[in-house]
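Peer 1: Letter by letter, the chains look like this.
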Amino acid sequence: MATAPARAKPRAGDVRQPRLGPLGWGRWVWRNLTSMRTALFLLLLLAVAAVPGSVFPQRNIDAGKVTRYLAAHRGSGPWMDRLGFFDVYASPWFSAIYLLLFISLIGCILPRTRVHLRALTSRPPKPPRRLDRLPAHTHIVTAVSAEQALGAARQALRGRPGRLGKSRGRFRVHGHDPATLSAESGYLRETGNLAFHIGLCLVIVGVAIGHLWSWRADVIVPEGSGFSTALGSLDTFSAGPLVNPADLPSFNLNVTKMNVTFEDKVGGSQFGKPRKFLADTTVDTGTGRPHPAQIAVNSPLRIGDAEVFLLGNGYAPVLTVRDAKGAVVYQDATPFLPQDGNYLSTGVVKVTTAAPQELGLDGLFLPTADQNFTRGPTSLFPGLRNPVLVASVWTGNLFPGNAPQSVYTLDTSQMKRLTKPGGAPLLIRLAPGQTVQLPDGRGSISFDRTVRWAGLSVRHTPGKTLTLLAALAAAAGLITSLLVKRRRVFIRVTPDPSAGDKPGAVVTIGALAKGTDPTLTAVVHELADHIARLTSQAPPDRRPR
Amino acid sequence: MNSLTSDLSLGGHATNIGLATTSNNFLYASAVVLLLAMLAFAADLAGHPGRAERAAARREDATEQAAAAGGDGGGTALLERTAAPAAEVPPEKRQWAGIGMSLSWLGALLLGACVVLRAVSVGRPPLGNMYEFSIVGSFFVITAYLIWSLRRDVRSLGIFVVGPTLLTEMLAALVFYTAASQLMPSLKNYWLTIHVTVAILSVAFFTIAFSTTILYFVQKWREDIGDTKYKFMDAVPDSATMDRTTYGLLIIAFPLWTFTLIAGAIWAQIAWGHYWSWDPKEVWTLVIWVVYAAYLHARATAGWSGKKAAYISIAGFVCVLFNFTVVNMFIVGMHSYSGM
Numbered sequence: 000m001a002t003a004p005a006r007a008k009p010r011a012g013d014v015r016q017p018r019l020g021p022l023g024w025g026r027w028v029w030r031n032l033t034s035m036r037t038a039l040f041l042l043l044l045l046a047v048a049a050v051p052g053s054v055f056p057q058r059n060i061d062a063g064k065v066t067r068y069l070a071a072h073r074g075s076g077p078w079m080d081r082l083g084f085f086d087v088y089a090s091p092w093f094s095a096i097y098l099l100l101f102i103s104l105i106g107c108i109l110p111r112t113r114v115h116l117r118a119l120t121s122r123p124p125k126p127p128r129r130l131d132r133l134p135a136h137t138h139i140v141t142a143v144s145a146e147q148a149l150g151a152a153r154q155a156l157r158g159r160p161g162r163l164g165k166s167r168g169r170f171r172v173h174g175h176d177p178a179t180l181s182a183e184s185g186y187l188r189e190t191g192n193l194a195f196h197i198g199l200c201l202v203i204v205g206v207a208i209g210h211l212w213s214w215r216a217d218v219i220v221p222e223g224s225g226f227s228t229a230l231g232s233l234d235t236f237s238a239g240p241l242v243n244p245a246d247l248p249s250f251n252l253n254v255t256k257m258n259v260t261f262e263d264k265v266g267g268s269q270f271g272k273p274r275k276f277l278a279d280t281t282v283d284t285g286t287g288r289p290h291p292a293q294i295a296v297n298s299p300l301r302i303g304d305a306e307v308f309l310l311g312n313g314y315a316p317v318l319t320v321r322d323a324k325g326a327v328v329y330q331d332a333t334p335f336l337p338q339d340g341n342y343l344s345t346g347v348v349k350v351t352t353a354a355p356q357e358l359g360l361d362g363l364f365l366p367t368a369d370q371n372f373t374r375g376p377t378s379l380f381p382g383l384r385n386p387v388l389v390a391s392v393w394t395g396n397l398f399p400g401n402a403p404q405s406v407y408t409l410d411t412s413q414m415k416r417l418t419k420p421g422g423a424p425l426l427i428r429l430a431p432g433q434t435v436q437l438p439d440g441r442g443s444i445s446f447d448r449t450v451r452w453a454g455l456s457v458r459h460t461p462g463k464t465l466t467l468l469a470a471l472a473a474a475a476g477l478i479t480s481l482l483v484k485r486r487r488v489f490i491r492v493t494p495d496p497s498a499g500d501k502p503g504a505v506v507t508i509g510a511l512a513k514g515t516d517p518t519l520t521a522v523v524h525e526l527a528d529h530i531a532r533l534t535s536q537a538p539p540d541r542r543p544r
Numbered sequence: 000m001n002s003l004t005s006d007l008s009l010g011g012h013a014t015n016i017g018l019a020t021t022s023n024n025f026l027y028a029s030a031v032v033l034l035l036a037m038l039a040f041a042a043d044l045a046g047h048p049g050r051a052e053r054a055a056a057r058r059e060d061a062t063e064q065a066a067a068a069g070g071d072g073g074g075t076a077l078l079e080r081t082a083a084p085a086a087e088v089p090p091e092k093r094q095w096a097g098i099g100m101s102l103s104w105l106g107a108l109l110l111g112a113c114v115v116l117r118a119v120s121v122g123r124p125p126l127g128n129m130y131e132f133s134i135v136g137s138f139f140v141i142t143a144y145l146i147w148s149l150r151r152d153v154r155s156l157g158i159f160v161v162g163p164t165l166l167t168e169m170l171a172a173l174v175f176y177t178a179a180s181q182l183m184p185s186l187k188n189y190w191l192t193i194h195v196t197v198a199i200l201s202v203a204f205f206t207i208a209f210s211t212t213i214l215y216f217v218q219k220w221r222e223d224i225g226d227t228k229y230k231f232m233d234a235v236p237d238s239a240t241m242d243r244t245t246y247g248l249l250i251i252a253f254p255l256w257t258f259t260l261i262a263g264a265i266w267a268q269i270a271w272g273h274y275w276s277w278d279p280k281e282v283w284t285l286v287i288w289v290v291y292a293a294y295l296h297a298r299a300t301a302g303w304s305g306k307k308a309a310y311i312s313i314a315g316f317v318c319v320l321f322n323f324t325v326v327n328m329f330i331v332g333m334h335s336y337s338g339m
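If you read the protein sequences in the order shown, they are chains G and S. Sequential numbering of the first sequence, starting at 0, is according to numbering that gives the first Met the number 0. Sequential numbering of the second sequence, starting at 0, is according to numbering that gives the first Met the number 0.
These are computed hints drawn from the structure, not numbers from a lab. Each hint should be verified, as a subset may be incorrect.
Pairs of lysine-lysine, DSSO-like flavour, derived with a Cα cap of 30 Å [to be verified]:
no., chain 1, residue 1, chain 2, residue 2
1, G, LYS64, G, LYS349
2, G, LYS272, S, LYS187
3, S, LYS307, G, LYS513
Computed far set for chain S versus chain G, every beta-carbon distance over 12 Å [stated by the list, open to error]:
no., residue
4, VAL31
5, HIS47
6, PRO90
7, ASN128
8, LEU166
9, ARG221
10, ILE224
11, LYS280
12, ALA293
13, ALA297
Cβ-Cβ distance ranges computed for the label pairs, FRET-style [said to hold, decoys possible]:
no., chain 1, residue 1, chain 2, residue 2, range
14, G, HIS210, S, LEU105, 25 to 33 Å
15, S, LEU173, G, ASP339, 47 to 55 Å
16, S, SER276, G, LYS419, 43 to 51 Å
17, G, ARG81, S, LEU35, 58 to 66 Å
18, G, ARG67, S, SER276, 15 to 23 Å
19, G, ASP339, S, THR192, 26 to 34 Å
20, S, SER101, G, ALA521, 30 to 38 Å
21, S, THR192, G, ARG111, 33 to 41 Å
22, G, ARG157, S, ARG243, 25 to 33 Å
23, S, THR192, G, ALA475, 15 to 23 Å
24, S, THR192, G, ALA521, 34 to 42 Å
25, G, SER249, S, THR192, 37 to 45 Å
26, S, LEU35, G, ALA521, 50 to 58 Å
Built from N, CA and C at the ideal position, the CB exists for glycine as well.
Between the sequences and the hints, there should be enough to build the whole structure, so can you do that?
Peer 2: Next comes the structure, spelled out in structure tokens:
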């Protein structure tokens, strides 16, 4: 408003903002959410929000570590837990960011697809009035008529791409009037860009499918035993919300031998590092005739929809517990869980049939024990060189209140630790083949031998093929969009006023590109040279400016 | 942290310790040669102030000589005087830059020998731990620069590329060193070669792009304050060129990083049973990807090019460094292969 009078103070009534109805607000939110600036902000926010998950322990990776962290940080821990710092990738704030990003992505794809489809089916636009105002331009003077010059220009535009033009593609050419040509190339740039963004959306869809329909079962199997998917002999089973457990494939798998080797030739930090994990198994898929199969790290076994992965290994000491009369009350391989790189392992043996009271062992297994225990019970090497079992012995009630408990921990709240005659706590120490007599006529414990166990994971992850193909499509689209240049070239032919009676025409070429294109000027000059060659044999009289 | 030779005395079944030691010596040799290359490049930069004046002076000399030679010819001499100029005078011979380039080639060859011998000594691609990652990475950086130098005159950038290469070599020898040995089972897969090679290659491009971004800031600052004090930096192209160069490097690095992510996910599916488990290294790989994606978006959005975009690319490289050092050495995850 040019004639606005000088005002003293704006009163409340003076400021008249346009009122936004619900539709207006909706449009405003949509516009802002789908703007490039918001997308950029959300991208950076996603990067920042992902970081805590790599710094703090996460429940989905190591729940035990989270428990230990909470125990060590009694003040801040519970608050961080409430804010989702131990489940970052399932927390509301992280989900909010990627969902907003997802919406922003769709809001970017939809209109751009519409615009691009329209561009693909329409002609290049009319040339601007002043071609010399375009970022790249030149003109040449030819000694042919205007019609001939225009024909040559058309031929040059339609000709094979030249040396520089490898990434320029073919021009789509149209003449809006008899004196001009409009040309456009590089539509693939936008196609690739859209493929990239649509690919990213499909990756998220694939991940969502995996979340909803995937399942996994983990099981620890000592050599010589097995598990069945049908009998529910799995240690843990977790499934997405839409999985029907009845649809699981049914098979039996037995581990016959677990082959493991460790580095013992090279010293330093590599000494004791694992070198080979390979499980020899037999699989029975219900035919009644088990067939042999091998599972190794990096080489899962496929059974129907499911894949069986070898993800862990360890030792299971075989113990025999006898009562006072010498009758066997317990004989089994009990898996112990490795705690460090040298397989110092912890485990628990629960003997419910022991008499006169239930018996529990809380033990350490050392595959290569330090002979003198100079630094307490430690293992010096992960291989079986000097296996030793150390355990404290407890009697009493193993399952107080019959509450469910882990097989790897002993609830000693209603148990008493056995003591030596002097009153000191009893600690048994056994090598394979050794037997120890328990005090007070409670029988004996024998350490027969050691077997290995295989940690197997049975998994089914649908949507992973979609995710992979979408990711590859996105990558291909990305490369296309970065390499192909979208260019518009306009050519105008005017009669050469200085030619007099002789035929003569001035050909003006102007070009512009989408984004950065350092070769645009070179492309224009290449076209000019081509037109000059087509119109005469003489070298072109090119004037760059 | 191990000294270079003490661990090697035990011998190994598939590991040739003699070759590994020779490989280490090649690394030392390469570091010494590249140090000399750096000094040569520095001498070249130091000689830059006054190069324009010297060229002008020589042009004058040449023109005078031409005038003297064509003096008898009368009218034609005048013509020559106007037509003869700059093209006739060859550009100043930058001897120090030439020495720097030759030494860089030699250093790269020595480093290549170090990588090859390491590979032969362990009978596998040398991609199993941080030390091997570092030597291959610095080899890629210097090679990419040398290939670039065949197409463009990038001698002025030499010190800014050879410097980081040398630094990486020294870190590899002194901090990251890991005795030559075999791989743990989870790494024994052909995806190791694909995933890690592409990762190293993209890190090499990220590194060079980081150097050019820093140069962008320096040149931008000099242009903004009209600097005349650090004239030797005139040898380096202006900020707009550095900005374009950074973009050119990052549009190579970003797709490579995308493939690192994809190849890593494929391998994780085979080795760990799931293609994505939010392992710290996976998280940081994604963070880096997201930051550089933001850079590309910033470039495409008006008002975010130049300095703002350059800040994002710096942030991206900080993440790359964090991913390679802190995540490898201090954060426990399934990618704990640093060998340290």
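Peer 1: A separate judgement is required for each hint: does it hold in the structure or not?
Peer 2: Hints, one by one, checked against the model:
1. LYS64(G) <-> LYS349(G): holds, 26 Å
2. LYS272(G) <-> LYS187(S): holds, 13 Å
3. LYS307(S) <-> LYS513(G): It holds: about 20 Å lies between the C-alpha atoms, which stays within 30 Å.
4. VAL31: Per Cβ check, VAL31(S) is outside 12 Å of chain G; nearest 25 Å; holds.
5. HIS47: holds, 25 Å
6. PRO90: Holds: least Cβ distance 23 Å, greater than 12 Å.
7. ASN128: ASN128(S) not clear of chain G: closest Cβ-Cβ about 9 Å, inside 12 Å.
8. LEU166: Per Cβ check, LEU166(S) is outside 12 Å of chain G; nearest 23 Å; holds.
9. ARG221: For ARG221(S), whose nearest Cβ neighbour in chain G is about 23 Å away, the distance exceeds 12 Å, so it holds.
10. ILE224: holds, 27 Å
11. LYS280: For LYS280(S), whose nearest Cβ neighbour in chain G is about 8 Å away, the distance does not exceed 12 Å, so it is violated.
12. ALA293: violated, 4 Å
13. ALA297: violated, 6 Å
14. HIS210(G) <-> LEU105(S): 25 to 33 Å: violated, 54 Å
15. LEU173(S) <-> ASP339(G): 47 to 55 Å: Violated - the Cβ-Cβ distance for LEU173(S) and ASP339(G), about 28 Å, lies outside 47 to 55 Å.
16. SER276(S) <-> LYS419(G): 43 to 51 Å: Hint holds: Cβ distance 47 Å, inside 43 to 51 Å.
17. ARG81(G) <-> LEU35(S): 58 to 66 Å: holds, 59 Å
18. ARG67(G) <-> SER276(S): 15 to 23 Å: Holds, at about 20 Å.
19. ASP339(G) <-> THR192(S): 26 to 34 Å: Roughly 30 Å apart at Cβ, these two residues keep to the hinted range, so it holds.
20. SER101(S) <-> ALA521(G): 30 to 38 Å: holds, 32 Å
21. THR192(S) <-> ARG111(G): 33 to 41 Å: Since the Cβ atoms of THR192(S) and ARG111(G) sit about 38 Å apart, the hinted range of 33 to 41 Å holds.
22. ARG157(G) <-> ARG243(S): 25 to 33 Å: holds, 31 Å
23. THR192(S) <-> ALA475(G): 15 to 23 Å: About 22 Å separates the Cβ atoms of THR192(S) and ALA475(G), which means 15 to 23 Å holds.
24. THR192(S) <-> ALA521(G): 34 to 42 Å: Given about 38 Å between the Cβ atoms, the range holds.
25. SER249(G) <-> THR192(S): 37 to 45 Å: holds, 38 Å
26. LEU35(S) <-> ALA521(G): 50 to 58 Å: The hint (50 to 58 Å, Cβ to Cβ) is violated, given that LEU35(S) and ALA521(G) are roughly 38 Å apart.
Checked against the numbered hints above, the structure violates hints 7, 11, 12, 13, 14, 15 and 26; every other hint is satisfied.
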